[in-house]
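Novice: Going by this note's numbering, the first residue of the sequence shown is number 15, and it counts up by one from there.
Calculated from the structure, these hints are not laboratory results. In this text, a Cβ means the ideal position worked out from N, Cα and C, and glycines have one as well. Treat the hints with care, since some could be wrong.
To be verified - Here are the computed distance ranges between Cβ atoms for each label pair: (1) G29 / E49: 28 to 34 angstroms; (2) A16 / Q53: 17 to 23 angstroms; (3) E15 / L37: 30 to 36 angstroms; (4) S26 / V46: 17 to 23 angstroms; (5) I28 / A48: 27 to 33 angstroms; (6) E15 / C59: 16 to 22 angstroms; (7) E15 / D40: 30 to 36 angstroms; (8) C59 / A19: 26 to 32 angstroms; (9) M24 / E44: 17 to 23 angstroms; (10) A19 / A41: 26 to 32 angstroms; (11) E44 / A23: 14 to 20 angstroms; (12) L38 / E15: 30 to 36 angstroms; (13) E15 / E44: 20 to 26 angstroms.
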Amino acid sequence: EASDAARSAMVSVIGLDSEKVQLLCDAANEEVDAENKVQIANFLCP
Numbered sequence: 015e016a017s018d019a020a021r022s023a024m025v026s027v028i029g030l031d032s033e034k035v036q037l038l039c040d041a042a043n044e045e046v047d048a049e050n051k052v053q054i055a056n057f058l059c060p
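Turn these sequences into a full structure, and let the hints guide you.
Specialist: Below, the structure is given as structure tokens:
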């Protein structure tokens, strides 16, 4: 039920360092409003 309360999505990224992924998130956040913020959720394969 909790997942129905808020629209969300997730993507897995393998092969890029965390700094590059953060830069991509920052660029995406320039294109969306605060409710649709893009962020790194976790690191599965550091």
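Novice: Hint by hint, which ones does the structure fall short of?
Specialist: When the structure is compared with the hints, numbers 6 and 13 turn out to be violated.
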